[in-house]
Amino acid sequence: MLRQLIESTLRVSTPLIFAAMGGMISERSGVINIALEGLMLIGAFGAAVGTLATTSPWLGTACGMAAGVVLAAVYGLVVIRLRANQIVAGTAINMLALGLTPFLCKILYDVTGSTPSIPINERFQSAPLYLVWLAVGLCWLGIAHTPAGLWLGFAGEHPEALDAAGLRVNRVRWAAVLVSGALAGLGGATLSVFLSSSFSRNMTAGRGFMALASLIFGKWKPLPTALACLLFGFAEAVQIRLQGIVLWGDKPIPVQFIQILPYVVTMLVLAGFVGHSRAPKALGTPFRRD
Amino acid sequence: MTCGGWSPCVPEPEQPQWRALNSELKAGPVPPGSAPGLAVELRGLTKRFGDVVANSQVNLRVERGTIHGLIGENGAGKSTAMKLVYGVYRPDAGEIFIDGERCVWSSPSDAIARGLGMVHQHFMLAGPYSALDNILLGAEPRRWGLISRRQARVRMESLAAQYGLVVDWERPVEQLPVGIQQRVEILKLLYRDAHILILDEPTAVLTPQETSALFANLKRLRDQGKTILLVTHKLKEVMALAQRVTAFRGGKVTGERETADTNPQELANLMVGRKVVLGIEVPTAQFCATPAIEVEGLGLAGPSGSRHRLANISFCVRRGEIVGIAGIEGNGQSELLGALLHPAEPQCRTAGTVRLLEQEVTGWPAARIRNLGVAVIPEDRLREGILPERPVSENFLLGLQRSAVFSRAGFLNLMRLREAASRAVAEYEVRPADLNLPAGKLSGGNQQKLILAREFQRHPHVIIAAQPTRGVDVGAIEFVHRRLVSARDEGAGVLLVSSELDEILTLSDRILVIYEGRLVAEFKRGEVSERELGLKMGGA
Amino acid sequence: MAQPLLAVALGLALGLGATWLAGENPGRVLLILVRSAFGSRYDLGMTLFYATPLIFTGLSVAVAFHAGLFNIGAEGQLTVGALAGAAIGALWPGLPWPLSPVLASLAIFGAGGIWGAIPGWLRARRGSHEVINTIMLNFIAAGLASFVTLYVLKNPASQNPETRPVAPAFLIHQFGFFRGAPVSAALPFALLAAGLVWVLLWRTVLGYEIRAVGQNEAAARAAGIEAGRIRIIALSLAGALAGLVGIGEVLGNAGRFKMDFSPGYGFMGIAVALLGRNQPGGVVLAALLFGALHKGTGDLDLETEHVTRELSLVLQALIILSVSADALWTWMKRRGQLRNHATL
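Chains as they are written, first to last, in our numbering: chain A, 1 to 290; chain B, 1001 to 1540; chain C, 2001 to 2344.
Source of the hints: derived by calculation from the structure; they are not laboratory data.
In this text, all values refer to a predicted model and were calculated from it rather than measured experimentally.
Hints may be right or wrong, so weigh each one.
[Stated by the list, open to error] Below 30 Å or equal to it, Euclidean Cα-Cα: the simulated BS3-like pairs (lysine-lysine) are:
hint, chain 1, residue 1, chain 2, residue 2
1, B, Lys1083, A, Lys281
2, B, Lys1083, B, Lys1236
3, B, Lys1524, B, Lys1236
4, B, Lys1252, B, Lys1083
5, A, Lys219, A, Lys281
6, C, Lys2333, B, Lys1441
Whole structure, please, built from the sequences with the hints as guidance.
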């Protein structure tokens, strides 16, 4: 049973980890990414549509990633170029994705609820399980050991220093936002083409925010963030097992109390009661060269 | 109760014989192969920001392999000139020559490519990153697409050895003491083969020990052929380090001297001498002996390792007198104001006691202090004095919203507010006299008048005025000064903190000079000349 | 005034453009929207019914904005508010009118207030940003609601996830004028709330201090205002205002708490506040607009081939993006000024 639990945890965490990596890259560069939820959602949709059209989960995932990049480009335009408030714009992007996906679904398949089912041989069996750790490894490598990773970090910590060193801050941020769109889209793709067999309305169900929470919990570093995602995934995997378990008295623990645990923990972490989380210093401030 | 009993200032300790030191330290050996010539030349450099002329027809000649000092007060134009040389700004007129060639920059990267480097007053370091990473940003050595830190480290260690700049490479820079952070900044320049180094107010944040270490490093750099431009307002340092000095005042160059041929008094004069603009006659104070402000033994430690920001400050201000604290910005005035006005905030917690109107206010929240009847004219009026987007009438209410005059049972009496505001606006000649205009649209002088009107509304017994005429036009300056004097005559004790000499000299009944967190001199009205005051302010 | 109108126009244009891409006639879509929102008494009633909670959540977000805070948690706050109302109504059936709706309303107000006080305290005393905290509390509220609805107050007479109905003494008046649309006394109450919020913000000392903290915290502090305390008060008030949605839903419509009754009123409230420029009057107008959109797009499902009610979300999102693109408006303003100068 333990083995089942571990497998289950790893599966369920996969979309979270992809999305969290995307969020990490964007936020490290100084752009808040509340829009992860919406980026994941549109990625899930794009992947489902792509797989149905091409019968290949790989091409479908590429579609999902492309959808994420396009939506991220809208976000980037509004917050980097037009300097809108990032939290407000992020919320709007989430709403946009929430509204666009059934809208497009209706146009393509004439139903608003879900896309048609994807037959099992056209879905991923286990590839994302390994890909995701590759992604974590690449992120770690990129951030810690490439010049681009260094620029990313400086854009978020001290953009003036990056500018003084002769590099374009907003260009770095644009790249970061687009990459985060791709990664979040990838996370969404694993939802529809790996963990389930179609896209259904609002299937992300808050996972984008969980990814954001694990980002804060993991202090914006690749490995701790991935581990935090595992924690959330574990909670999801375990709640089914825990249903019916009696800890004290004669009633089982209501499932909701386990479900809300990750959110409570996040709040505690943020409040500084558990460890100390320090955001990139320039997070949320648009950069403007005088 | 009188507030005699302790002497507010400690006499300046004996200065070492700087002349002897100077001749020893100045002329370093001429490194082989360097041709004497001009590293930097500026001709007719001019720069405007809107209506303000920051630099006007600046001419400068810096010889290669020397340390050249640029002195002047804040706002005199020396930092702007250097930012033009470094490519942060583009000049409106004039030419820049580097190593004899005319240069036009579009950004600092061009200047960096030509061998210039600048260490800014506020360091450009990202805290959580190591010194190594901060230095190699933008110039990363690569191997197969990845940064080769080992390669970089080898080069850096050799640079460090060559110039004696020992640094901890791997720790996050935010954990390093300020003096070491500065070394990291200098290494940044050397790593990119800069041979002309510009340092902007480098000793502003250093302890005396760190300062000596810096001086030794700068000498070594110069001995190895680097050219150094040192921007500072500290005359002692310039005399000790530089071969030539250029003085700035009001955006213009007022003079250039060899340090061997001059002395601090002459430099102070070049830096600070200004015609006294004011014609107001200030009648003698009829002060009562009741103390308004009493400060005893105030001290504030700096961040770990750096010097104290305030050390053993003791003074008092009686009701009916104006006490001016003269000093160049950054010598502890902000900290002193913080201790007086926000003693409860953690960064303002100090040792020693503060009494306002004979009440000890250590640890009081700002609201309580204001309610005692303390009026404040803040240093940074845009940040702390007004609500720029709100209309004038609402700004008039700031700080007074709970007073019985304007509120009752939690509700605001807007009619009374408008009446009082109109009267005040008329009396204080705030123009335009439009109560609905957003306060941010008023000119600096009118904003200040608004603040005065608001603060004096309640006939305060204690007035703390910080840089009250900064950014204020001449007509308004006179108005502000008159108001301060009449407030004094009505019995208020006024603490005036300013870096404008003529303001201090005209208004103060007593003058205290603050330098590096200490009170270093006290004068009564008429006892000191402008020149001497300037000297004391500069640490001489 | 111009900016919100332009933003609505821009958002509508983009959204209707999307319907054109879907193969519909944008003009026809617009017509359906308008007719569905205002065409009959029932339609108008439903528009008003949707607008009422939007006034509350819009006021909630607006009050928080005035203090410089982002209240993304209106969804959770309205949930706990409604839950509290349902709990009081189900657990004290013997309470007589008019005590019953009054007490229930107070409980609703208080519950929402607590849900806002939590992130307010965390921000003021621990420095953790209210955006994440309010979002987290949304999920926690959903969990709490699920727990209470399914375990504590479950309605034994129904398969739906809802609580036991409240006693009839708790229900508030419904206006029969709207031919079946559940427009209740909550609507005039919402308008009253808007008026009270205006008085609070512009006529009281507290309101002044809230706005001062939001505009320039340093100046407010220098003037002696305690920013932390003000923040807690502001977010508590915002939470309480959002919670008031419970009055319209539990006491005025369903008579019980139904899981997921809110089609996203909390998030729509953000759009409403933004469009209404955080002014109570603007909030009411914007709430009306978004209520109309929500009703209008509801009929799109039936009357068009390809467009669904989700268009309302798309339109809202586009309007928010348009309103918040600061640089776009300053650029337009500057161009306008330049043009003026050129003609002089």
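Cross-check of the supplied hints:
Simply put, B/Lys1083 and A/Lys281 have alpha-carbon atoms about 25 Å apart, close enough for the 30 Å limit, and the pair holds. Taking the CA atoms of B/Lys1083 and B/Lys1236, the gap is near 24 Å; set against the 30 Å cutoff, the hint holds. Distance hint between B/Lys1524 and B/Lys1236 is fulfilled; the C-alpha atoms sit about 26 Å from each other, no more than 30 Å. In summary, the hint linking B/Lys1252 to B/Lys1083 is supported, as the alpha carbons are separated by about 15 Å, within the 30 Å threshold.
As the CA atoms of A/Lys219 and A/Lys281 are separated by approximately 13 Å, the hinted pair is consistent with the 30 Å bound. Between the alpha carbons of C/Lys2333 and B/Lys1441 the distance comes to roughly 17 Å, so the proposed pair stays at or under 30 Å and holds.
When the structure is compared with the earlier hints, no violation turns up for any of them.
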